[in-house]
Amino acid sequence: MLTLEKLRIEQGDFRLTADWSVPEGSITAIVGPSGGGKSTLLSVIGGYFAATAGRIIWQAADIGALPPGRRPVSTLFQDNNLFPHLTVAQNVGLALRPDLRLTEEEKTQVEAALAEVGLAGFGARKPGTLSGGQASRAALARVLLQSRPIILLDEPFSALGPALRREMLGLVAEKLWGRTVLMVTHDPSDAREIAQRLVMIDSGVASVPVPIVEAFDQPSPALAGYLGQK
Amino acid sequence: MARGAQSLGRIRAPGLALALAIAGFLGAAVWAVAAKAAGRPGHLSAADWSALRFTILQAALSAALSVGLAIPVARALARRRFAGRGVLITLLGAPFILPVIVAVLGLIAVFGRSGLLNELLALAHLPQVSIYGLAGVVLGHLFLNLPLGIRLILQGWQAIPSERVRLAVELEGSRWRLLEWPMLQSVLPGALLAVFLICLTSFTVALTLGGGPKATTLELAIYQAVRFDFDLAKAAQLALLQLALGAAFSAVAYRSGAALGMGSGLDRRGISVAPTGRLPALADSLWIMLAAAFLLLPLVMVVADGIGGLADLPSGIGMAALRSVAVALAAAALSVALALALALGGGPLATLAGSLPLATSALVVGTGVFLMLHGLTNPTRAALPVTAALNALVGLPFVFRGISSAVEEIEANYGRLAASLGLFGRARLRLLILPRLRRPLGFAAGLAAAMSVGDLGVILLFSGGDQETLPLMMYRLMGAYRMDAAAGVALVLVMVSLALFWLFDRGGRTNADA
Numbered sequence: 031m032l033t034l035e036k037l038r039i040e041q042g043d044f045r046l047t048a049d050w051s052v053p054e055g056s057i058t059a060i061v062g063p064s065g066g067g068k069s070t071l072l073s074v075i076g077g078y079f080a081a082t083a084g085r086i087i088w089q090a091a092d093i094g095a096l097p098p099g100r101r102p103v104s105t106l107f108q109d110n111n112l113f114p115h116l117t118v119a120q121n122v123g124l125a126l127r128p129d130l131r132l133t134e135e136e137k138t139q140v141e142a143a144l145a146e147v148g149l150a151g152f153g154a155r156k157p158g159t160l161s162g163g164q165a166s167r168a169a170l171a172r173v174l175l176q177s178r179p180i181i182l183l184d185e186p187f188s189a190l191g192p193a194l195r196r197e198m199l200g201l202v203a204e205k206l207w208g209r210t211v212l213m214v215t216h217d218p219s220d221a222r223e224i225a226q227r228l229v230m231i232d233s234g235v236a237s238v239p240v241p242i243v244e245a246f247d248q249p250s251p252a253l254a255g256y257l258g259q260k
Numbered sequence: 189m190a191r192g193a194q195s196l197g198r199i200r201a202p203g204l205a206l207a208l209a210i211a212g213f214l215g216a217a218v219w220a221v222a223a224k225a226a227g228r229p230g231h232l233s234a235a236d237w238s239a240l241r242f243t244i245l246q247a248a249l250s251a252a253l254s255v256g257l258a259i260p261v262a263r264a265l266a267r268r269r270f271a272g273r274g275v276l277i278t279l280l281g282a283p284f285i286l287p288v289i290v291a292v293l294g295l296i297a298v299f300g301r302s303g304l305l306n307e308l309l310a311l312a313h314l315p316q317v318s319i320y321g322l323a324g325v326v327l328g329h330l331f332l333n334l335p336l337g338i339r340l341i342l343q344g345w346q347a348i349p350s351e352r353v354r355l356a357v358e359l360e361g362s363r364w365r366l367l368e369w370p371m372l373q374s375v376l377p378g379a380l381l382a383v384f385l386i387c388l389t390s391f392t393v394a395l396t397l398g399g400g401p402k403a404t405t406l407e408l409a410i411y412q413a414v415r416f417d418f419d420l421a422k423a424a425q426l427a428l429l430q431l432a433l434g435a436a437f438s439a440v441a442y443r444s445g446a447a448l449g450m451g452s453g454l455d456r457r458g459i460s461v462a463p464t465g466r467l468p469a470l471a472d473s474l475w476i477m478l479a480a481a482f483l484l485l486p487l488v489m490v491v492a493d494g495i496g497g498l499a500d501l502p503s504g505i506g507m508a509a510l511r512s513v514a515v516a517l518a519a520a521a522l523s524v525a526l527a528l529a530l531a532l533g534g535g536p537l538a539t540l541a542g543s544l545p546l547a548t549s550a551l552v553v554g555t556g557v558f559l560m561l562h563g564l565t566n567p568t569r570a571a572l573p574v575t576a577a578l579n580a581l582v583g584l585p586f587v588f589r590g591i592s593s594a595v596e597e598i599e600a601n602y603g604r605l606a607a608s609l610g611l612f613g614r615a616r617l618r619l620l621i622l623p624r625l626r627r628p629l630g631f632a633a634g635l636a637a638a639m640s641v642g643d644l645g646v647i648l649l650f651s652g653g654d655q656e657t658l659p660l661m662m663y664r665l666m667g668a669y670r671m672d673a674a675a676g677v678a679l680v681l682v683m684v685s686l687a688l689f690w691l692f693d694r695g696g697r698t699n700a701d702a
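The listed protein sequences derive, respectively, from chains A and Z.
Going by our numbering, the residue at position 31 of the first sequence is 61; the numbering climbs one at a time, nothing skipped.
Going by our numbering, the residue at position 7 of the second sequence is 195; the numbering climbs one at a time, nothing skipped.
Be aware that one or more of the hints could be misleading.
Simulated DEER-style distance windows between Cβ atoms [as the list claims (entries may be wrong)]:
#  : chain 1 : residue 1 : chain 2 : residue 2 : range
1  : A       : A193      : Z       : R200      : 43 to 51 Å
2  : A       : S161      : Z       : R614      : 53 to 61 Å
3  : A       : R85       : Z       : A525      : 40 to 48 Å
4  : Z       : L245      : A       : R38       : 56 to 64 Å
5  : A       : P63       : Z       : L470      : 52 to 60 Å
6  : Z       : E597      : A       : P63       : 24 to 32 Å
7  : Z       : S362      : A       : K36       : 54 to 62 Å
8  : A       : A150      : Z       : L691      : 35 to 43 Å
9  : A       : A193      : Z       : W364      : 48 to 56 Å
10 : A       : A154      : Z       : A525      : 28 to 36 Å
According to the in silico footprint, chain A covers these stretches of chain Z (three or more CB under 8 Å from chain A) [to be verified]:
#  : region
11 : 234-247
12 : 617-625
Below are the SDA-like pairs computed for lysine to any residue, each with C-alpha atoms no more than 20 Å apart in a straight line [stated by the list, open to error]:
#  : chain 1 : residue 1 : chain 2 : residue 2
13 : A       : K156      : Z       : R697
14 : A       : K156      : Z       : R626
15 : A       : K137      : Z       : A615
16 : A       : K205      : A       : K156
Just so you know, these hints were derived from the structure itself, not from any lab.
For clarity, every value in this text was computed on a predicted model and none was experimentally measured.
Even glycine gets a Cβ: it sits at the ideal position worked out from N, Cα and C.
Bound-form chain Z, shown alone (with noise of 0.2 Å):
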């Protein structure tokens, strides 16, 4: 007899099978960088170390000062009560489904060349700054990523339980010492080496805010050596580069339990004892005021310039509208389903399967696939259905941690009745599974294709001219310096992809029984 719990009837075949096969394809194609670049002799140029130097660095310094300033503002919000806090709470979450080519807008329009911050400075005869750069990535990686830390931190305070507030506060002791601190040392470490890994990967900011010698990324290094030298071997040598670093480091963060998700948006409610006193209210209020302004200035900004933009819209919008959203469906099924594969049958094999493409990059894996799709055909013919595909497995590991803690969820509270009714494979998953699920795979679904709709990094690897989704038409007005056309391409763009993530979660929500 088998000793232990026992596995009472879950669908374990095709997740087994789909676990494999996802290890299968990113294996394949690492196989196929490693080998291109196996045929390069010689060692990394110069440029090559500033690239991997430069991506460290950046990595760091975002994860820094997003990790940082992020702790004032987490408690500032965890212990003052305010209108519009909810909101407020509600829309860090947005970053995850803004379009990060968009946000890179808004930035530009207010800290770039002719935005409101110089236009400011040289009103007051101060020195203009500059966007571009060091500086410039890391203002967009804090702008992305300040959010996902100011959530993680959120949580670790509000699960400080009140009871201990209060016996802290009775006891006059000091409530950092005893309750702060010690929170912050166990969350801390996470979610520093979560936007770590996410600026490692991030291609779009760097994209647009670096570039030149002197901040230029391996990623972008690799997109360079991809379609400007057209050097597939040195881009093969790059991308081994990338997976190594990224590797390593999703290694200790696998290692470690590191926190991969998007914090805590519950406003619990609970007793938040605020210290008294007119200073800390005072700072509190003006962390939150900045941090506010930091976040929300650049999205008024694309709205308000993209209003005025639509009237230059180009007239390819709709077929690209078309193409992303066609896209970002495809990606969003792919991914879903992935995922909810994996999860039904759970284990160690299939949380591995559903966290490997966090090690990898959709720019390298997609070097990978364009070595291989180089000796069939045209690499830039399957530009859609590849960017589709790279995109399912790119937003996989945040699909398959939400339904997979799902279903979990759903097997140990229901599992056993399930297996006492003789409930197995297809009728357990209509009659149990799916409709437990609604909620978690409408958001799933509704994250991925947003996701996926804001892709620039595949797309741009393979497009050919005639393949424009919405962020590449973006990326190529503001090339041109078509601002006023790209900026009303970027207020479709977030009309789209929230439409897209409003009407998967509002689709899990209605009906969804308790």
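Just chain A, same shape as in the assembly (with noise of 0.2 Å):
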């Protein structure tokens, strides 16, 4: 279970706190209007932005003080999840050693992530040949690799056409199977299609997630209001 305790996220006038848990190996969809703090409730859970109070619990370890690299979590970021400076097999590479000096096991490893995501030989290409679908799936090659068993999607594939996003949640749902998943999202039926349960964060506050049929049958005014339903 990953539960966020009391957690309370405050930058200059902005407040938001969270009080609740998701089951293991659950994938959980956050929504709400832009600047309500879906990205940065992702930054405190990844480790990038430290909460003010609050604790972070996983299987019953507090991982709330720990540094990224460290935490039992891995992060899909909106752009920039690749270096663009190191090859596909290179940057897969890393979620085995940072210092990328891999074994030749380690290095069949990555041949098989990248196999496994449908980039079998795409190894040696640098990302800057990738086109938008296929460096979603490197990352999303690495992020198997690193098997940390939660996994933080902030918007990855919104830069994707519709198709080709709907095509990446689908491998994201099959190939993070039995993963613990907190997706951002700004189009519902992106959590209709992958989610069992939903987040609305609005006012200040991360609601408890609520199963993912309820949410949209009997929205509560808070996502009846975002949906534009009255």
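Fit the two chains together into the complex; they arrive one by one in their own frames, and the hints show the way.
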């Protein structure tokens, strides 16, 4: 279980609180107006921004004080998920060894991860030569190889067209099966597509996760307002 | 739990240590100066006051002229498109890598006693002009800083969004009142302050075109006290005065966040709605042609005279070139290493340490080092290493600025990804920072090397008879009125400076991935 316990985030005038849990292996969508703090919440869970108060608990351990690299968390950011000066294989290989001194066995693992996302044979290319979809797949291959149980998706596919984005979300649901996923999205249909739960961020509060069907069938006033339903 | 943004594994320790080391070194030099000055009772002489007044006067005039004349030129460049415009804007960056003594030689060839201008005046039976004294010093500074002024102001013009220009045109409002004057109000103070600060510590121009009781700057007076009067206490007193002056104006610049930089060479494509009508177009062309002629003619003369002077090159030219290159490479390496370490750590302390040398000057710190070495050894023995070290320090603010903004950009874009992958320490440097920093590092190293290879101040303060670098050789030849030989050395010096800059800059560009 991933628990945000009385978490409070403050930055200037900005405030956000969260006090809830999601079960292991579930996919939770986070929606809400821009500027509401969706990305900030993920930053705090990922360790890039410190909360003012509260705890982040994963399997009974407080992970809130760990640096990002030590947390059981992988993040796919909105952009810059690949280093443009390294090859695709090197980018993926960073998941295994940050100094990139890979053994033959580890190199095989990298190839396998690339094959798994449909990028077999792309290892020697630089990210600049990949299409948007291929770059997303390469980043996903790295996350696969990192083998961390919590995955944060900060709208990594938002620059892709609708069909490609749907395809990537399908791939995420398939390949990351069994991991605990929190995904920020602007598109409610994305949430419906792969998430089991929905968190609405509004007026400084990240609401308790609601089962996805219930969330859309009987939306809270905040969600109804966000979706434009009266 | 700590609150706010995390540091995400930046490499801080060496930068902090070096920031303290830089501050410590500058502090020690200033302390040596202050201690020596305190031992000399008595007030400033009339000559000292006159040097102080002349220093401020020439810097103020130079700044006002450089920036004032830059306004119409920058405006013309901003709103006209013509063949060669890009080349001209690129050439405006040249004074940064052009050795000052070479620029002076070019100016003498145009404005000097037997220069182009006076020959024309003689043909027309008009009175001759002199390039020496206040007018010469200001002319030299105008030549060196007009390009900076143009680039800084051009940046302001290009930053006016084209939508707003269109809006102003549609509203038939006054473009001057709505757009240009507000822009200038925000750009001019910084540009004025930048040029003023540069001219406050410019030594070579005052040395070659100034001098005498009426046209001596503080820095020139320091040099004369050290090398001619052997009055170190006097030199220290003057250095303290120069330091106070520099520090006061640097503090103003630092607090106002004035532009320290080289301005933009960006040839951004936007719409340029130039006013129609023949008169403005004519005026714009005239400004551009005048500026181009003023800036290019001396350079053309350097090349033309230089080719002629190659036959007269003195025998020591090879060794002098080697010494110059060695000093420049050492200065560039030191400057870039310091700037990189400071930039990696980032933060206000690093920024302060990276800009601190601006408040001092090569001559002031040089005097301090001279005093510190004086008791231990003959300072002239250490001429070359000291020159390299002080050049590195003087170049540091420029080098630091370029590298620091690039590091900040890398950290902003990739810091989180690096942190999530556990990319720290050496691996972070090898796999993230250095590969992405190649271009700014190459440019910065080239700039530092070119600035150092043209240095005349420090080497002159310390030099003995046998440690000639190219600028020193040039200066001595000019002093002996061997102008042909000096022109030949000038050409060699320019080639060396350009080659150093080009090699480093080129090295940074090759294989640099976007």
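Taking only the CA atoms, is the gap from K205/A to K156/A under or equal to 20 Å?
violated (24 Å)
Could you say whether the range 53 to 61 Å given as a hint is met by the Cβ separation of S161/A and R614/Z?
violated (34 Å)
Note whether the CB distance of A154/A and A525/Z lies within 28 to 36 Å or breaks it.
At roughly 33 Å between Cβ atoms, A525/Z and A154/A fall inside 28 to 36 Å, so the hint holds.
Note whether the CB distance of A150/A and L691/Z lies within 35 to 43 Å or breaks it.
Taking Cβ atoms as reference, A150/A and L691/Z lie about 42 Å apart, which means the hint holds.
Can you tell me if the region 234-247 of chain Z counts as covered by chain A, using C-beta to C-beta distances under 8 Å and a minimum of three residues?
Result for this restraint: violated, n = 0.
Cβ separation of A193/A and W364/Z, checked against the hinted range 48 to 56 Å
holds (52 Å)
Holds or violated: 40 to 48 Å for the Cβ distance of R85/A and A525/Z?
holds (43 Å)
Are K137/A and A615/Z close enough, with their CA atoms no more than 20 Å apart?
Holds, at roughly 18 Å.
Taking the Cβ atom of S362/Z and the Cβ atom of K36/A, is their distance within the range 54 to 62 Å?
holds (59 Å)
Distance restraint evaluation - E597/Z, P63/A, Cβ atoms, bounds 24 to 32 Å:
Roughly 29 Å apart at Cβ, these two residues keep to the hinted range, so it holds.
Distance restraint evaluation - A193/A, R200/Z, Cβ atoms, bounds 43 to 51 Å
holds (46 Å)
Count the residues of the region 617-625 of chain Z whose Cβ falls closer than 8 Å to any Cβ of chain A, and tell me whether that reaches three.
holds (count 5)
Hint violations for this structure: numbers 2, 11 and 16, all remaining hints satisfied.
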